[in-house]
Structures are given as structure tokens and as C-alpha cells.
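A.B. asks: Chain by chain, the residues run as shown.
Protein chains: 2
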Amino acid sequence: MIGGYAGKILRVNLSRRKISTEVLSESWARKYIGGYGTAGKILYDEVPAWADAFDPENRLIFSTGPVSGTGVPTAGRHCVVTKSPLTGFFGDASAGGFWGAELKSSGYDSIVFNGRSSKPVLLWIDDVATELVDAQPYWGMDARTADRAIRKDLGEAGARVAVIGQAGENLVRFAGIPNDEANRIAARCGVGAVMGYMNLKAVAVKGERRVHIERPDLLRSVASEITRFVTSDPHVKSFTKAGTMLYFDLNWEIGDVPVCNLSRSDFGGPGDPGVQKLAYPDGYGKIIAGKRTCHVCPVSCRRVASYPASDKGEIEGPEYETVASFGPNCGIDSIRTIAEASDLCNIYGLDTISTGSTIAFAMECYENGLIDKADTGGVELTFGNADALIDTVHRIAHREGFGNILAEGSRRASRIIGNGAEYYAMQVKGLELAMHDPRAFQGGGLHFACTPTGGRHTEGLTLGHELVKTRPLLGIPVALDRFSTQGKARLVKIVEDWTAFISAAGWCLFTDDANAYPTEKSFLLAYEAVTGIAFTIEQALTIGERIFNLKKCFNIKHGATRNDDTLPKRLLIEKGKAGNIVKLDEMLGEYYQARGWNPNSGTPTPERLSCLGLD
Amino acid sequence: MIGGYAGKILRVNLSRRKISTEVLSESWARKYIGGYGTAGKILYDEVPAWADAFDPENRLIFSTGPVSGTGVPTAGRHCVVTKSPLTGFFGDASAGGFWGAELKSSGYDSIVFNGRSSKPVLLWIDDVATELVDAQPYWGMDARTADRAIRKDLGEAGARVAVIGQAGENLVRFAGIPNDEANRIAARCGVGAVMGYMNLKAVAVKGERRVHIERPDLLRSVASEITRFVTSDPHVKSFTKAGTMLYFDLNWEIGDVPVCNLSRSDFGGPGDPGVQKLAYPDGYGKIIAGKRTCHVCPVSCRRVASYPASDKGEIEGPEYETVASFGPNCGIDSIRTIAEASDLCNIYGLDTISTGSTIAFAMECYENGLIDKADTGGVELTFGNADALIDTVHRIAHREGFGNILAEGSRRASRIIGNGAEYYAMQVKGLELAMHDPRAFQGGGLHFACTPTGGRHTEGLTLGHELVKTRPLLGIPVALDRFSTQGKARLVKIVEDWTAFISAAGWCLFTDDANAYPTEKSFLLAYEAVTGIAFTIEQALTIGERIFNLKKCFNIKHGATRNDDTLPKRLLIEKGKAGNIVKLDEMLGEYYQARGWNPNSGTPTPERLSCLGLD
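Residue numbers (the working numbering), protein chains in the order written: chain A, 1 to 615; chain B, 1 to 615.
Among the clues, some could well be false.
It does not matter which identical chain is meant; a pair holds if it fits inside one copy or across any two.
What the hints assert, rightly or not - Dumping the calculated DSSO-like pairs for lysine-lysine here, alpha-carbon to alpha-carbon at most 30 Å: (1) Lys-8 with Lys-119; (2) Lys-18 with Lys-569; (3) Lys-119 with Lys-373; (4) Lys-41 with Lys-569; (5) Lys-557 with Lys-41; (6) Lys-557 with Lys-569; (7) Lys-557 with Lys-583; (8) Lys-521 with Lys-31; (9) Lys-291 with Lys-206; (10) Lys-373 with Lys-18; (11) Lys-291 with Lys-241; (12) Lys-152 with Lys-241; (13) Lys-152 with Lys-119; (14) Lys-31 with Lys-41; (15) Lys-18 with Lys-241; (16) Lys-152 with Lys-291; (17) Lys-152 with Lys-8.
Simulated from the structure, these hints should not be mistaken for lab results.
Construct the complete structure from the given sequences, taking the supplied hints into account.
C.D. replies: So, in C-alpha cells, the structure goes:
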């Protein structure tokens, strides 16, 4: 097998409790790389159009790429792929930490689950045995408690555990799958709800194997160069120091941070004092007690939070997306409330973006009288109400009272509420938008409308490229006019394709977003060191394009039409803080053309699919 | 409002626990009649393509037609409409008894449920109040026990209750909704599982209102004439005497009764002694103790079964479909075992056709070594094993062990089992075929392939018309050569359209199948008496065609393609008892053409939809 791959896929039929092993096809590895590429191919081939997300014929696939878990810096990710219960389309989520590297060390590139156990089980993988274990004792536990209990009972303190909390068990449609003591989470698209549906509480892994590397000398030299760059480049050093909150101020300035469900420009009174209470370093810095890292990552953007009033000691510090989602987007200016909501989501196993966005949606419905205290169980669900925020997170995880409605996500909740509430659901294809207001950069609007998985920021968001990208990427001029639609179709396509390649290979996206590697060629060199395969940037882009089209084809197979490639109406008709609307119509046809898709239907043409080897 | 209608629709949002009333649009009543016509229009309009069957955005609609619950004989039916968890397409089921008439008397034509309650509830409707009542005390009860307990607790012995058993609670994909002490059941398409998903245990109704009749004198005279006919016509009298088992012998002779999952021609040894133990009167007659009726039905085809070894006293006698499904199709020759399995299905709330067919599928898998005792929990699941049959029914209802796999229906179970098991799943679009082997009559094969809801016998099966229909129907010559494909496309279309009309109006299908009315014009005269609207047969057929196309359009919206219009491969390549295969290819294009659909894609053309007022 090619270097970087364990070369094996583990198959677990939960209905029959049968475990088997397959060889990972080398031609698939070359064609779809890994991560959501190879997993996407399995999903496309095996899940019929008639299968729902909550269906024994859905698949839940944990997957790594060839650079995952090797000595390549910043490549500690794993992803989870499934048909999403939020969107009904291709769903994936990705997480850092150490779980993915551990899986690779256990001798498997991926695990494919199908069926549904009649009782709660967990999968335990180590070098001795791979087995399904009764998980009834852990059912009902939060993810952190379960993680610790499972390792204790297995007698393997060093095992790594991916485990759902109560949200996944209760089929909250935006439940994720936490790992590493619930400090990292594969959050988006409801992957944790599919795990809950399958009665699969956890996947615990302990591995001792080392994966074969084709050119270890080259890998050492590339890794050293990258590490030197990370520890000396001023921008990367800032990112290491501040973490993802480094970008909060800048994003705020340009009108990118959503405020009160994207309905306002500021919160907390004149002069935005709310923002100052959150921004790094003055606000956010007050609760930060240190940093953490993922597998082989000299960047170490993870934070540790600690503050006097907390009874939890040191917890994982909230990321930018989480601060924005529970903060400005819900009109909240208390960083401690945000940190608390963040940790609750981690242990319940909830996606903080969808949770915050769905609560912000409900707050706007409440303020506009579409729902009242009779609905919320007496809670005054207004923007800025910190107690109501925390209370609602609990209710969602347990599907209690009004939480039972919000647990369906904002799209479904808006239709349950009716009376025009759909206008307030900030989602695309059912997935709540990441915390970037695309009215601040046109390419972002196009991307949000067209990403196969819904309103994602991790499939090729062009924020940096339309603003202040510190260097040209892939021959695209930097700092394109963010308010112009010109050239955005091509920009979005290229960034999406590049993102698909590096994600499938196993890199953390911040490697690219934060320019943590010296140049794009560093990715290819590291890839070559591991796999022995030398790609040009064009070749890598073609592979990314293939993977992107594969996800799109899954959606077409499962009923997607051009109507699904759109944005919440608000973004098309109401000006945002940046003074603009998204002019989607000006870009969409051009984008389809750039992708070689039918310009009317937005469907990949047979010719293009044939070019990409997807026919 | 037009006569025959209560004129109101009850809306119940289970997520918000809100109940409201809407006026039934008169133009809809004229266009879609009622039953699954008007309910289908609501389903089409309101359920988005992305909503699954188990989804708060699905709808569960109980619906009656204008002749339901009036003095029109043989019109005591109600239907339940939803997106089916078995097929992902249009789902409906229909039941006799008295519940539908009671609903009409309560002042509503239909009830539309959406959302999902966070706790088990039941809906209670009487002339005083309409309210959601805590149903936690009844959760876990079988349908008959729950029916009695609910009426007792409500203090309304005369109320009529539609209530799911454990199968619906456990989301068995072919759970139905029993009514009238679980002796009748809206069985097909998994409607009971949707009710279970919604946490709706029951709908209890007590009504005192009489619906307005446009021409009471005409109704009296039509009803008298029909009753006279029923009580004097020799054929109808035979049907009254034997019930649906009247047809068992004839169906057996022509090779229509499926044997051992449609894989054999006989069972129980040479000369089919198994059949003799089941046939009426010698076999079936031994357990029959009397008959029962539905609302205003002089036919009274329902049976009462009683036999010494039973500890249940008098139970509802199994119908033809049930006897065939658990009998020859599972290789079982014990009428008592069949009666016991039948009653278990009634109280658990299981569709006997899908249950028997799914067990027969599993038996064939077992006999061919695709599954073994490790799968079945030690049960020897061979054809003819009566104990295994009963045991498996229990396991399915409770999703215990192997029952957890079979509870998904044969299509999903076959894919979970893998290794070619799909060949043994006798289903179309996921719905198990009714107990008629279409290799015995080509038109039946075409119809099974094309019915929007899957393998149904109640949407226009042409069995009678290809065999021994005692009189011409709608200008179609009777006794067409059943082995020829000629003329079948037109025949199937007309029978489907006529069936859609009389079903939507509220008639029991046996009125037509058993020729219980003097002529087809009797239907139109009764319809006119109730509604004041005089239709020609052509007008009625156009309405039926509209309703049929509406169901088809729902499927297209939810992703159906021409590939869904097919049959289990066995029926296309393996000769049945009648010595034939189904020559589907010879008929399908002609059928699409007869329907005015695109002959390649099988999609209704805009022109035809416009003609039908569906644009």
C-alpha cells in the first residue's frame, strides 16, 4: 500500500453485530485520497436515495487521510461522514485532538458503521481485539464523564475515545461527536445524532502501529522547515498566541461577525461595549489560562479557560465560532457565559454554531411575538439574556419543553412555529450558517449557497482571500474587492477545490487559513514525503474538484435541485453591517459554468464527471 | 358546504401542543373529493422534499370522504396519509369499522398532525372539547388493552379509538394504526410508525353531529336498492357468507397465492394438503364462529374466529391477505397459527402483509444459508415452522434480537444481511407485495410496479378484470387473457383511476371488488344523493386520475425516478406457478403513454398536469 495509509477499512454491521475488515483499494486512495474523499465514495455508493439519515442503510464513517497521524505537522484530524439528519444531503464533520492519530495507529484508515444495534454498544479497538462492548452503563452520561468511565472500565487510561453525549442519544439534529475528554468535537451536520440513532455510544481506540512513510528523510526535513516557520513567522506566532480569537476584532470591523441573528450591526449599547468585553486580549484574554495542542501541531491554537466563578476548573476555551455564535449573535456580552455554554455543548455533544444560531433564531422569533412564554416554558428568550441562553442549551440537549422544537434545528423549528418564522432561520440546506456574515464579502455568499453540506466555513470560505490574505494563493490575486461579485465564481471554485484536497489528506484547515505552512508547495512536499506521490498544484486541485463533485453528486442522487443553492432571504434583501446585500444572482450562473455544471440546473454535466473520473 | 362534508379540518401541532380548526376548501372538495385526495393535496403542499418520514415536518393525516359515515352502504372507511417510512414516498392506509364514521360525526372531515410531542399524548375529541391528554399511562400497552383503558378513563364507553400498539411505539417500519378494539387496522405503509415517532398514542373520538345530506330521499331509495341487491345477488351472498376467504380457492387454482416467498408452487407435501387445511369452508370454516360488520354495511365480510385451544375467546378472523401471508407464503398449514399471528398483529399494530412477507423473506434467507441461528437467536427459521413464526412476530413488535432487523422491512433487512439477500425481498418501492403473484396476471405486475405507494392491492389491482369479473366494468371487456400483455396498460390505468375515485369518496374497496353494488352507476347515484353533484363515469375517472397523479407528483418531488417503477427481479426472471414471468418491459412504456407521462422518464408531463388542474 501507498505510504501514509494503514491500508485497511473496518466494517461494523451494528444490526448483525458483525465486524469485518476490508482492504482499502489503492486506486481509491489515489483518486479520492482519504478523509471525506474515500469515505464520500463509500457513502455515495452505498446509501440509496430512499434511505433517511436515521436509517439502518445510512452509513457513519470515521475516516483519516494519509497525512493524518503521521509526523506531518498540523495533521491530527479525523472526519465523520454520513447522510445528514439536518440537511438530508452529504454530511461531514471534522475534529482535531488525538483520536484520528490513534485510529491510524490501530491499523485502520476508516471505520464504516451501518445498521442499528438493538441495545447501546461501544466499539473497542486495540491491537489485541476489535469488539462491540455493552454500553448500557454509559447511556445517559455526558461525553466527558463517559470518556473517563469507558477508559477506566477498559483499563486503558491512554485510549482515545469518541463518544456522544445526551444530545446524540436524544437525536438532536445538530449533535456532534466529541473526542479527547469532550474537548474536541466533530460537530457539524448532525453526525452525533446518527451515532445516537445507531445506538452506538462510543468508539474507543488504542493503537501501537506505525504507518509506513515512503520518504522519511524528506518528511523530517519538511517537518523541520515547517516547524521553524511556525515558530518564527510573525503572523503564525500571533495566531499561536491568541488562537482563533485572533481574528475576532478584524472580523468585527469589517461586518463579518453576525449580531443578533444577523439582524443588527451592534449590541450592548452605543459604541459596542459588548464587543469590547469579548475581544482578544482585553475580554477573551481574562478567562484564558493557557494553551493546548493537537497531534504534532506546533501551532497549538487551542486555549484553556479558567475563571474564578467556574466550578469546573480548567475547561477548553471557546473558539472564535463559538464566541461569535453565543456572543454577538445572541446579543450576549459575557465571556464567562459563552465559555460555560461552550463547555456544555462539548459535554452534551452539541454543535456550538448550530446551537447558538438556533437559539438566536428563537430569540428573534420571541422578540417579534411569533412565540411567547407559553412556548418557552416561561423563559424570557430575548437577545442578551444570558440565563435564558444557558437554560435553553440544557433544554435542547434533553429535548425538554421548547428544547424539543429547537433540537430539530432552525429550519424545522421555523416551520413548526410558522407565521413567517422561516425568514429568521439563518440556514442553507438546513445547516445553520457559520459565524460569518456573507454580506461582508460576496464570494462568501456564493460559497455558503453552494457548499454541498450547507452553510459551512470549512469547505472553502473565501474570507481571507477577499480581505487580507498575506500572500497570493494558487495564483489568485489577493485582496479582491470584497463587495464586488467580479471574479468570485473562479475564486470560490479554486478555494473549494484546494480545501477539499487538504481536508481529505488529513490536514487541519487552519494550516491553510492561518498560513501556517511557508507556501502551498509545502503541503505537496509533505504529501510526497508520506505517500511517495508528487503532485503539482493543478493535480491536487483536480483531486479536490473530484471530491467536491462527489459530494455534489451525492446531493443530486438524494434529490437536490438548483433551489437548494440559495441563501436565507434576509441576506438577499436586507443590508448587513457592511452596507451590502449578497448579489447571488450575479455569481451563481458563472459559478456553475466555472464548475462545468449545467448553468440552469446546477447539475454536474456528464462530460465534466467523465473528465473527473466520476462517470 | 357541499353535502356529505363536515366542512372542517382539525390541525394539531404536536410540538407546540396547539390545536386549531380550518375550513375545508370547497374547491378542494370538488377537485380532490376527500380521503387520500384532499389529504394528499395537504401532504403534497406541506411536506418538503428534505423531510424524512420520521420528521416533525412530515404530516399524519386521518381523513374521510363525503360518503364516509353517512347512510350510504359500505362506506365506513377512513384513511391515514403520510410520507411512508418504508418507501420514502406517498403512504396511505385505510381501515373499516366505525372510527371514520365517528370522526365525521364529531364535526371534522380530517385531522392533520404535524410536529412531535416531547411526551406521549393522545387526542380526545368530543362535542364539548378537543384536547391533548397525557398518554404516558398507555405507552407500552398493546392496542386492544389501550383502547379499553382509554375509553374507561375518559368515561366514554362508546368512544371510538384509533391507537397504536408496541410496534408503532418502537417505530417498526410496517406498523399500522388499529381501531375499534384493534379489530380493524389502517395497516400499510408504516403509518403507525409515524404516529409512534410523533409520540401520539391514540386518537379517541365521540361525535353526535349528523352531516348534511343534499338529497335524503334519493339516498334512501339508492340505499334500499343496494341493500336489496346485496341480500339477493348470489355472488354477493356468497361473499357475505365466506368473507374475503371466498376467493382463496380460486386464487390458489390460478397460481395467484404466493407460496414460500413466491419461490414455490406448493407446500406441505404432494397434492397441496397444506392448502386444504386452510381453504374455505373445510379448513378456514373450522375456526369461524360468526361474522361482524362495519358502519352501515349489509355485506358484513368480517369474520369472528374462535377455537378450543385459544385462550382469547372470540377474535377477529383473519382475512384472505393475512391467511395467504402467514399461511402458504410462510409454508404454514395451521389455520390456528395463522389466526393467532393475525390477532398478535392486530394488537401489536402490525401490517399482516408486510409482517408475513418479511418473515417469509427471512425464512428463505435462512434456508439458503444467508443467515443462521447466530442471527436468529437460535430460532430455526424455516418455512413451515409455526412456532418460529409466532416467535418472530413477537420479536418484530418489540425489536428484540433479530426482530430489530426485520422491523426495518424486507428491503432494508435484505441490505443489512447482504450477500445477495435483496433477491429475496418481495417488495416494490420498499413496500412488501400484497398476496397476489403477478406472474398469474400481467396487468397485476404492471400495477404493482407503478402504484405510487408500492406493492399494493388496493390502488387498482386488475385481478378480477383479467379473470372472472362477472360483468363488464367501465366499458372494458372482462376476462382479458391474463397471460397476455395486450391492452393491460389501458386496463390498469382505468382501474387505478376508478379505484382512486371511490376510495377518496370513502367507499370500502370490496364494494367494487366484490361487485356489491348493482352497477358502477350506483356509486355515482349515491354520491349525488349525498353531495348533490352528479358525475358521469368519465368525470369520476378524471378526478381519480387527478388524485393518482397527485400521489405520483408527491413521489417525483421526493426523488422518485423510473427506476422505482419495477418489480422484484424474481418476478421478471423466474417462472411462477402459473408458468409465466411478468413481461414488464412490454407494458411499461405503453402505460406511461396511456397516462400522458413522459415515456422515458415516467414523469407526468406539464401538459397532462395542466389538463388535470395540477399545475
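A.B. asks: Starting from the hint list further up, note which numbers the structure goes against and sort them upward.
C.D. replies: 12, 15
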